[in-house]
Amino acid sequence: MRTSECDIVIVGVGGQGVILISDVIGRAGVMAGKPVRGAETHGMAQRGGSVINHTRIGCRFSPMVASGGADVLVALEPAEALRFAHFLSPNGVALINTRPVLPVTVTTGAARYPPLEEILAPFEGLCRRAVPMDATAIAKKAGTAQAMNVVMLGALARYIPLKEELILGALCDVVPSKYLDANRKAFSLGKAEVE
Amino acid sequence: MREYLLGNAAIARGLLEAGVGLAAGYPGTPSSEIIETLVDLKGDRSMHVEWSVNEKVALEVAAGASWTGTRAVATMKHVGLNVAADPFMTLAYLGVGAGLLLICADDPFCHSSQNEQDSRRYAQFASVPCLDPGDPEEAKDMTIYGFELSEKFNIPVMLRPTTRVSHARADVETGAIPPVRAGGQFVKNPARRVALPVHARALHTELIAKQKAIEEALETAPWNKLTLRGNVGIIASGIAGLYAEEAIRDLDLEVSMLRIGTYPVPAKMICSMLEHVTRVMVAEELEPVVEEQVERLARIVNPAVEILGKNESISREGELDFLRVRNAIARMQGIQEKAALPNTAAGILPPRPPALCPGCSHRATFYAMRKVFGKKAVYPSDIGCYTMAVGMGTVDTCLCMGASITLASGIRFGGETEGICCSLGDSTFLHGGMTGLLNAAYNRARITVAILDNSTTAMTGHQPHPGTGVTATGESTVLVSLEALARALGAGQVEVVDPYDLEKTLQCFQRAKEFPGLSVVIARQPCVIKARRSGARPRAFQVGEECQGCGICVDFGCPAIEFEGDKAKINNLCTGCGVCAEICPGSSIQEVRR
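Same order as they appear, the protein sequences are chains A and B.
Throughout the first sequence, residue numbering follows the working numbering, covering 10 to 204 in sequence.
Throughout the second sequence, residue numbering follows the working numbering, covering 7 to 600 in sequence.
Please keep in mind that the hints were generated in silico from the structure rather than gathered at the bench.
Computed from a predicted model, the values in this text were never measured in an experiment.
Every residue gets a Cβ at the ideal spot worked out from N, C-alpha and C, and that includes glycine.
One or more of the hints may lead you astray.
Stated by the list, open to error - Below, a list of computed lysine-lysine pairs in the BS3-like style, where the Cα atoms sit at most 25 Å apart:
#1 B:377 - B:575
#2 B:48 - B:575
#3 B:536 - A:43
#4 A:187 - B:274
#5 A:150 - A:187
#6 A:149 - B:575
#7 B:316 - B:158
#8 B:216 - B:158
#9 A:187 - A:149
Claimed, not checked - If you only want the chain B side, here are some residues facing chain A, beta carbon under 10 Å, derived:
#10 172
#11 187
#12 189
#13 190
#14 192
#15 193
#16 197
#17 355
#18 464
#19 560
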């Protein structure tokens with residue numbers, strides 16, 4: 010029996026803006042009158058490490074999505090997409106920014122960063138749809154590479170049971186007004202990637 | 007109104023709605039955002055909010071305020087309560103003026119901690135009531151209730167959120183914020199405020215006597231909920247209650263359920279459950295606190311009942327989650343378990359452990375330290391960002407706040423003859439390192455102490471401390487000089503150096519090493535994250551064609567240096583510290599002149 014209307018897992022590297030995405034959809038969910046639960050990574054793990062954020066819309070239980078339960082996996086970095094791929098439900102959708110961020114284990118030569126094709130290949134059998142996109146390049150087109158997370162938010166908007174106006178409204182609440190135009194543009198370019 | 011709040015923000019909101027007049031804390035994941043949110047929401051309320059020097063100080067400051075009739079709170083992480091244990095144990099005897107809440111955030115699975123101790127044990131140890139929330143809204147409501155309970159029974163109350171509550175977000179109903187409940191007068195009452203043996207004996211008797219009444223009051227608290235439905239039962243505490251409820255829904259089972267949110271536990275509800283069922287599972291994270299009570303009560307009311315818990319189904323270490331609790335219930339009921347999906351494909355990925363930031367000055371300090379003291383030297387270290395430098399070979403110990411200096415002393419007195427250079431951060435030094443330095447000076451330990459001074463409490467989110475000249479609420483205050491402190495505590499040689507100046511730092515460590523006594527090196531450079539936020543303009547560096555590809559710069563471990571083909575390359579993470587340029591033996595890394 011389903012215990013949540015929509016389960017989302019958002020992953021990336023500390024500092025990429027994972028929390029902003031969940032904060033926006035969480036606020037939008039509350040505006041829509043739905044119960045929302047989320048779980049964040051703070052503290053030590055944030056310093057350049059892998060971060061994972063769980064967001065559950067229409068859920069009154071615990072804040073964490075179970076392994077195999079995510080309706081959507083949003084990855085701001087390709088290796089992190091694969092690292093947390095086991096959260097995906099077989100019916101789920103994976104939205105993947107293809108721009109790598111090399112971990113220090115790779116820059117120091119202690120480990121190898123696999124080619125993008127190797128990272129993306131396993132998603133074939135894991136979920137219903139995997140959408141790779143160079144969200145960093147798309148964000149630059151919108152005016153700032155910093156808005157990469159908002160590109161991903163735009164793509165995510167298509168797959169969650171929340172009206173776009175609510176999501177955009179929540180976005181306006183959390184980003185500084187001077188970056189609002191670039192963020193709106195990033196959002197619509199991200200949305201276009203999955204249409 | 008419903009707001010989407012972080013658990014710690016919900017707690018802060020609860021503190022405001024309870025009219026708290028004083029909040030004191032020491033930063034520590036997962037508790038730090040409580041004080042930070044209060045600072046954000048304080049506005050012009052006549053409320054005192056402070057970052058205290060450590061947790062013991064925070065709890066004592068809060069107790070003092072409570073004794074003037076002002077509602078007060080002390081916040082800390084679980085291991086902080088070890089530091090505050092001394093006042094905590096005796097405050098249970100002395101009692102409160104206005105309500106006194108101790109918020110102690112536990113960290114099952116050690117997400118950001120050196121251990122996963124269970125603070126419910128501390129509450130039990132001190133005979134102090136404990137509230138164990140399952141989600142942000144409960145945490146907020148319990149915060150308000152905690153003050154009422156504290157005042158009703160004249161006792162401090164512990165609120166014990168865990169990481170998955172403090173760092174969860176949820177829709178939370180927010181209420182009106184009343185004026186601050188401030189008293190403002192200390193009323194003398196030696197029999198209640200002076201813990202002389204003659205007073206303490208009587209107060210201990212009183213503390214034990216009031217336990218029964220506290221237990222009865224908590225029995226009817228809204229945080230304990232009993233539903234009798236089948237002859238199998240689940241008793242779950244805190245967030246485990248949510249995992250269990252989700253599992254029951256997922257499995258579509260008819261089982262009895264008791265959710266527990268208070269300690270002492272609701273004994274009558276537990277007895278009702280035990281009389282109703284033939285088998286019961288206790289789901290709780292970490293220690294079998296509830297389970298022990300269930301076993302005790304079962305011997306009285308239903309010795310035949312089968313009790314499952316830590317021995318069979320529920321692990322005593324780490325976190326629980328929905329799947330673990332679901333599978334424990336499934337096993338109990340003989341239903342098919344749901345295996346966690348293996349993530350075999352992730353085997354090809356490089357690990358991504360947390361690491362020192364690009365341009366972090368700690369890396370430069372450790373580099374110089376290691377170069378001077380060598381491979382055989384012993385490097386006790388401490389709690390902070392710098393613990394992440396364990397791969398550099400300069401972090402040989404990490405025990406608790408301030409233990410670097412004292413362990414170094416003990417290692418020397420234990421007979422170690424190699425060089426000993428310990429390291430700790432500025433905030434850690436002020437928190438728990440000063441007494442150790444005093445002890446090292448007094449007892450003539452021949453060691454070097456490196457204070458890695460990035461002028462903030464970086465790991466927990468850049469909180470100010472007495473070495474920053476700013477209070478929690480942003481007012482300017484006395485700026486305590488670490489070098490003057492170190493000298494006053496008896497260090498024989500104290501030097502301050504900029505770790506970005508590698509040559510000078512090497513010389514400084516060399517002098518410290520040669521000094522025949524206790525030497526202190528203060529490596530001072532603002533945290534790169536803070537420097538960037540304050541608008542510091544980085545210099546730009548590039549690797550020239552002449553790079554021989556020796557790899558020395560890459561081994562330095564800065565994420566801003568990578569290898570492209572057989573040459574080094576500076577990537578866009580560079581913060582312009584320039585240390586790699588000093589390290590490069592061929593001077594191939596050069597500043598780009600703009």
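Problem set entry | Hint numbers contradicted by this structure | The structure breaks hints 2, 3, 4, 7, 11, 12, 13, 14, 15, 16; every other hint is satisfied.
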